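Take each chain as given, in its own frame, and dock them per the hints.
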Amino acid sequence: MDVKLPERVKTGIDGLDVMLNGGFLKGRNILLSGPAGTGKSTFAIQFAYRGAVDYNEPSLYVTLEETRKKMAEDMSKFGFDLEAARKKGKFEIIGGPLAELKLGMHKSDASYKNLINEICDVVKEKKISRVVIDSINLFLMLTKNEEEQRTALAMLCNKLSNLGCTTILTSETKEGTMDLSAHGIEEFVVDGVVVLYLLRQGSSFVPGIVVRKMRGTAHDKTIRFVEISDKGIVVHPDEAVFQGL
Amino acid sequence: MELSDYKILLFAGIFSAIYVAVFFTVPDSANLMAFIPEKVAAGEWYRLFTFPFAHLNEWHLLENVASLLVVGFIATELKTEFYDFAVIYLAAGILAVIPVFLISSFSALGASTAVYGAFGVVTQELSKFKISGQLPFGIMALVVFIKAITSFFDCGSKCDSFIFSLKQAGAHFAGLVMGVFMFRVMNDKTIDPRFILRGVAHGR
Numbered sequence: 001m002d003v004k005l006p007e008r009v010k011t012g013i014d015g016l017d018v019m020l021n022g023g024f025l026k027g028r029n030i031l032l033s034g035p036a037g038t039g040k041s042t043f044a045i046q047f048a049y050r051g052a053v054d055y056n057e058p059s060l061y062v063t064l065e066e067t068r069k070k071m072a073e074d075m076s077k078f079g080f081d082l083e084a085a086r087k088k089g090k091f092e093i094i095g096g097p098l099a100e101l102k103l104g105m106h107k108s109d110a111s112y113k114n115l116i117n118e119i120c121d122v123v124k125e126k127k128i129s130r131v132v133i134d135s136i137n138l139f140l141m142l143t144k145n146e147e148e149q150r151t152a153l154a155m156l157c158n159k160l161s162n163l164g165c166t167t168i169l170t171s172e173t174k175e176g177t178m179d180l181s182a183h184g185i186e187e188f189v190v191d192g193v194v195v196l197y198l199l200r201q202g203s204s205f206v207p208g209i210v211v212r213k214m215r216g217t218a219h220d221k222t223i224r225f226v227e228i229s230d231k232g233i234v235v236h237p238d239e240a241v242f243q244g245l
Numbered sequence: 001m002e003l004s005d006y007k008i009l010l011f012a013g014i015f016s017a018i019y020v021a022v023f024f025t026v027p028d029s030a031n032l033m034a035f036i037p038e039k040v041a042a043g044e045w046y047r048l049f050t051f052p053f054a055h056l057n058e059w060h061l062l063e064n065v066a067s068l069l070v071v072g073f074i075a076t077e078l079k080t081e082f083y084d085f086a087v088i089y090l091a092a093g094i095l096a097v098i099p100v101f102l103i104s105s106f107s108a109l110g111a112s113t114a115v116y117g118a119f120g121v122v123t124q125e126l127s128k129f130k131i132s133g134q135l136p137f138g139i140m141a142l143v144v145f146i147k148a149i150t151s152f153f154d155c156g157s158k159c160d161s162f163i164f165s166l167k168q169a170g171a172h173f174a175g176l177v178m179g180v181f182m183f184r185v186m187n188d189k190t191i192d193p194r195f196i197l198r199g200v201a202h203g204r
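From first to last, the protein sequence lines stand for chains A and B.
For the first sequence, position 223 matches number 223 in the numbering used here, and the numbering has no gaps at all.
For the second sequence, position 47 matches number 47 in the numbering used here, and the numbering has no gaps at all.
Possibly wrong hints are sitting among the right ones.
Unchecked claim - Part of the chain B face toward chain A, derived, beta carbon under 7 Å:
#, residue
1, L78
2, P193
3, I196
4, R198
5, G199
6, A201
Read the hints as simulated data drawn from the structure, not as lab findings.
This structure is a prediction, so every number in the text was calculated from the model and none was measured.
Just so you know, even glycine gets a beta-carbon here, dropped at the ideal spot from N, CA and C.
The shape of chain B in the complex, shown without the other chains (with noise of 0.2 Å):
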């Protein structure tokens, strides 16, 4: 593999360190940059763009920044386009917001819904094995909202624990439900079987 290959790698590494960077010298982060919903109703729109960026403490960091980092090694080997991943782990995360900001007045913090929408991107670019996208979808689901179901056998329907991790899954969802939507759209080279040879000589 030549450097230009580990793109995506060095774009998640880029973000990872802006992560830290944030959590670590920005003083009040998450109360200044969170998505909640009031504040971007009053007119704070720029919080749709900040969320990503700040995490409410280490352990939310290190987990968003790890998944980060395995999900963009795992594009790597997949060889998924530069450009397919760095546009929807951008929009996907910001856009998977709205739905639950229609839903619900759920409160929005950290990378979270960007990496599942980068998840997303590598649940159907595992088509290149022959594998169905909706099996790693399937399997990806149920990890979104095991830690809901696993409250839920805690603590019943309505305790506060079982209601925040289904506010949280239903964000994580939407982040990769996001991902899977744009990189369908942005992947829909259908391609006309009479014009196999002629498409990639003119680099389709």
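Only chain A is shown next, with the shape it has when bound in the complex (with noise of 0.2 Å):
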């Protein structure tokens, strides 16, 4: 049997296609993990903007969390125009508060499994080649028990999978731990999991990321420096950062 493996997606991300070899292979599910601060969201953004405006591949931003507005506020300082994407038909934001979500869902007798079906049919109205979850922590709140978890976590990955798209889930750690996910359960699911630290040198803290799990690809495993400049997130593959004791 000739298998082929899947062609890479550029991740938008300065540096990172170095570490991964010419980046995240497509149609694959990337766990982006961190404690608050590091630069989950502004990575996860970045992967879908320049996705959408450099690439050419329209995203997906499902927001568990922030509005729309608001976001588009934050990212403009990166001189993302999150925008001016949507409105050229590239990048979409579904989703807000999750408080808003919850009654939604109430409103309308609906389970998490509607909220996937409706992702699904977005991806395949709008041809959406990138998705974000942002946060896959709180979409996972949307479940009654730790049963549903497992399977909306399966569920999510694998629909969006199957409609080959390359996804990142986005998850909090807590700060000082090196769990790789909220739950335990989400780093078995995901073909790939890429942390971002925020590790101790002295007296300060300084911002570093590996890629912890890449499956059907050889990949740095080294924690490298990130810096998150004017333009966004920066990978500085050729320097390692060391954590002190």
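Here's what the structure looks like:
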């Protein structure tokens, strides 16, 4: 049997493609985890926005926390014009604060399955190639129990993979731990795990990034220096970060 | 909570202040402003809109002001939409006297039908906590009729106290029902489960 690995997609994060030997594998699910303030949402928006604008891959951003307006305001400082990209039909944001989504689900007697189906509907309608779920922690809060969490996660990842989408699922982890996800199940379901850190070096914290897992491709396993510049996230693939003791 | 979250409470406070001011500054306000069916029929239509602002005595005023502030606190706590609360408070009380007007020649005075309209709103808002609106509505209906029930057991079905209490309860119940009805009409946002994420993003 002739098995061909999928083509690669550029991440849109300067320097990260070097760590990944050319980018993410198309159609794979990647967990992007890290504690608060490490730049997960910026990373995720950059992946979606630059994918849409620079690589002509229509992107869908599913937020379960922020409003569309606030995201557009926050990202304008990096030069990401989300509204312009949206008007061109290349970038779509759906969702909003979790409380509003819960109210909507309550009023329509919907479950997480409806949300997954809605995401898939948008993917098909807009011919989406890249999807971001921000965050998977909040998405899994829409389920009723642990069993449903696993089912929901697997269903979401499988459906988006089958539609050919390269997906980033952001996950907030606790400060000071080496956990890869909030529930401890996400990293086993996804194809890849990228972790953002804030590592202590002496009296300051240094942002770092590591590719902990990436099925189907060799990758750099060293924690590299990452910078949040005025143009977004920049990875320095030649600069290793050493954690102070 | 931000200051804007207290709009309902501010609204209740302003109306309470108006009721107090009208009571103490407008001479003979009860006679001038009450909803008296014969006078309304004779062309004094303004009474349809003035009766909630006049009160019979201090006790009547105190009851309504206290109830308005209580329901304002509850609605604030339940994060009721200000627009829902204000519109229903202003309209339910007035609309509630229409069936009373059609059924009997009962004169109406005071803000209680409006207050019961607001209570109708909060009974439905409890659905935010997955509590069916029927239970709190039933409890409120019992509260509305309790005076009439006790009067019935005190003096029977033909005494004035019972008849007055029953008419009063009828008006209050109409306010409660009108509040529930208006809230349901105003919140009939049947959400298509296929458009939840898109609906929230576009500020449904």
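- Item | Hint numbers not upheld by this structure, sorted from lowest to highest | 1
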